[in-house]
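Using the sequences and the hints, build the whole thing.
The primary structure of each chain is shown beneath.
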Amino acid sequence: MSTPHVVISDVTRVHGHDETRVVALDHVSLEIHPGELVAVMGPSGSGKSTLLNVAGGLDAPTSGTVSIGGETLGSLAPRDLAKLRRRRMGFVFQDYNLIPSLTAAENVALPLELDGMRARQARRAARHTLDLMDLMSLSDRYPDQMSGGQQQRVAIARALVGSRRFVLADEPTGALDSHTGEEVLRVLRERCDEGVAGLLVTHEARHAAWADRVVFLRDGRVVDTTGAADDAEDLLASGGSR
Amino acid sequence: MSTAAPPRPDLEVPAGPPNATVAEPSRFAQWRSSWAIALRMARRDVRRHKGRSALVVVMVLLPTLLLSAVVTIAYTSDVQGAEKIPMAMGSGQALLEGPDTSAAVQGPDPAQASGSENDGTDEGATTATTVPGFDRSGDPFDNAAAVSRLVGSDVVAVDEYGLRTTVGDRRVSLQGLALDGRPGLGEKLVLLSGRWPAPPSTDPAVPVEVLLTPYAVAKGVPGTGTFQGSVDGTARTFEVVGTARARLDYATAGVVTAGEPVDRGENPGGYGRWIVLGDDPVTWEDVQALNGHGFRVTSRAVLEDPPPADRLAPAIRDQLAGADRYTTLLVGLGAAMLLIVTTLLVGPAFAVSAARQRRTLALAASNGAHTPMLRRTVLGQALVLGALSAGAGTVLGVAAAWAVVAWARTTGDQTLIGPFDVRPLVLGPSRSPPWPRP
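Chains X and B are the protein sequences, given in the same order.
Read left to right, the first sequence gives residues 125 to 366 (this note's numbering).
Read left to right, the second sequence gives residues -19 to 418 (this note's numbering).
Simulated from the structure, these hints should not be mistaken for lab results.
Computed from a prediction, not measured in an experiment: that's the story for all the values here.
Heads up, some of the hints might be wrong.
Said to hold, decoys possible - Taking lysine to any residue pairs in the SDA-like style, the calculated list, with each CA pair at most 25 Å apart, reads: (1) B/Lys64 with B/Leu19; (2) B/Lys30 with X/Met270; (3) X/Lys207 with X/Ala184; (4) B/Lys64 with B/Ala388; (5) X/Lys207 with B/Thr340; (6) X/Lys207 with B/Gln337; (7) X/Lys207 with B/Arg338; (8) B/Lys64 with B/Gly166; (9) B/Lys64 with B/Glu265; (10) X/Lys207 with B/Leu19; (11) B/Lys30 with X/Ala184; (12) X/Lys207 with B/Ser210; (13) B/Lys30 with X/Asp268; (14) X/Lys207 with B/Ala342; (15) X/Lys207 with B/Leu354; (16) B/Lys30 with X/Gln269; (17) X/Lys207 with B/Lys64; (18) B/Lys64 with B/Gly272; (19) B/Lys30 with X/Pro224; (20) B/Lys64 with B/Leu300; (21) B/Lys30 with X/Leu256; (22) B/Lys64 with B/Arg403; (23) X/Lys207 with B/Gly272; (24) X/Lys207 with X/Ser173; (25) B/Lys199 with B/Ser210; (26) X/Lys207 with B/Pro5; (27) X/Lys207 with B/Gln299.
Here it is as structure tokens:
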């Protein structure tokens, strides 16, 4: 069995204090292996986005640890954490994923350029990634010259450019029609099949069906999980408890 | 509850494409790249959001334009050093003023720093050495021969006077220049048409031959024939024999005569001005020798190649240092005002701009930009807009100053007759392009 690429271990995240205290995550543990796409589902306020932010180092857990590729995020200085985000992981958000003043290729090249790679070299790598995902025709387009689905696919390309091998997707199909959403998830699935680890936050069971495993959150706790993506609909129907 | 992964086949995180292998970059490489991204995004944002950018540009441009115009006009009105050569002596070698009864001390430009030797000391000011043959009750034209013998070159006396005349039912006041231009004085006095006037006769019945400048013509003085005028209350008839262009210090000449048009009475101390002609430069040593006779000397050679400070009298060094401090103070105050005004005007505009960038900054952060990189993204826009506005403001300020100077010269304003002096950043070198001359 492969070594988990992402290990979230007994993570708790508390917002506010005293009367405003909210436990967004309550002793959550999760492992994601290379080539595995894990979907996180749950009702609004269940802690899905908080889990994604903590897993990506955008937010720090109150207790517990998150490690990616063997590096524990809590022990990293902000500069090293930023470096980890440039090199090891990429985010795909619901909408407005791309920087409007940069072309598709420049958006994809962004993490590489931020990491000190020369613009020409970074763009070459970005085009290579776009080419792998059949998006080469979009490379010189600005975001407002692309459809929502195209933008999301470019965002996935950016999330995987260079040495990045962990994708965190927060409702990536939320702003898309169903057909385009399916296309985007297909791309994500294909990348995971090639060995990328993925964490997909969604509230739609048919989207979660693309995942290898579905984790159901409620009130910040993992209340259920299923190894078979096909069971997601049943899981949702049961309210996350079986 | 924890969720462990189900058993999976051995799969390891694959390496990226070969050309994407990331070596450890230097801090400098990251610094350079993040600035490149910031400036690229800023340039495109400026193009994308023209209205918002225009607002910021205007807010920076206006104070810059104002300061640039004020600085240019100030330096244009301030005629110093070699700039004053055409006005002071034309093609001559020096302009002598005096003589004082005390020996003079001076800097390279006596208008900037001068005084009496030993003035303020216990022994008192040093008495000037008498100029042989100089009549202290005579006018400059009477004493020209004595001054010429002293300097060993030909000299021409120069004086100025006020002339009043009537054009129709208007009273017109003109600045008169008493200077015989026949020896050839370069830009100081150029004959445009007609002939050089003869020196005025002592007979009041004989008309005084006069050259009119374009300024006097514009004032309506008839370009031919005679007209009546008065100098120091004495009426004379003036006969126009041609037109000329003349340059004075801080004045616009209207008429030119070859000598004093009337007997102007007593000339206390024989004080006057003479232009030294010839080819021999008046050196700093010559200047000091003439200072001993009480003359203050504006020398072409000295203005073009000033002596080092250690060769100046201590009192003169102090005067020059004080002037430098004053200039520095003014420039500092101007810069401070610009900073305050710009901050007050532009700060809110940039704050709005930065707020609108929040999503972009968040996206950059999620892609691994750390705080200094995000700061550069905000600064990049400020830099692009600031450079654009400051450049445009400076150019427009200089253009506005040029328009003001050109207009002022048509009105005969006496404060803006120096060479158009462009120093947009004050620290930059002075240059005098072929802008309008008086």
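These are the hints, each one checked on the structure:
no.	hint	verdict
1	B/Lys64 with B/Leu19	violated (45 Å)
2	B/Lys30 with X/Met270	holds (22 Å)
3	X/Lys207 with X/Ala184	holds (16 Å)
4	B/Lys64 with B/Ala388	holds (19 Å)
5	X/Lys207 with B/Thr340	holds (18 Å)
6	X/Lys207 with B/Gln337	holds (22 Å)
7	X/Lys207 with B/Arg338	holds (21 Å)
8	B/Lys64 with B/Gly166	holds (13 Å)
9	B/Lys64 with B/Glu265	holds (21 Å)
10	X/Lys207 with B/Leu19	holds (21 Å)
11	B/Lys30 with X/Ala184	violated (39 Å)
12	X/Lys207 with B/Ser210	violated (88 Å)
13	B/Lys30 with X/Asp268	holds (17 Å)
14	X/Lys207 with B/Ala342	holds (15 Å)
15	X/Lys207 with B/Leu354	holds (14 Å)
16	B/Lys30 with X/Gln269	holds (19 Å)
17	X/Lys207 with B/Lys64	violated (63 Å)
18	B/Lys64 with B/Gly272	holds (24 Å)
19	B/Lys30 with X/Pro224	holds (15 Å)
20	B/Lys64 with B/Leu300	holds (18 Å)
21	B/Lys30 with X/Leu256	violated (36 Å)
22	B/Lys64 with B/Arg403	holds (17 Å)
23	X/Lys207 with B/Gly272	violated (77 Å)
24	X/Lys207 with X/Ser173	holds (22 Å)
25	B/Lys199 with B/Ser210	holds (17 Å)
26	X/Lys207 with B/Pro5	holds (11 Å)
27	X/Lys207 with B/Gln299	violated (60 Å)
Violated hints for the displayed structure, listed by number in ascending order: 1, 11, 12, 17, 21, 23 and 27.
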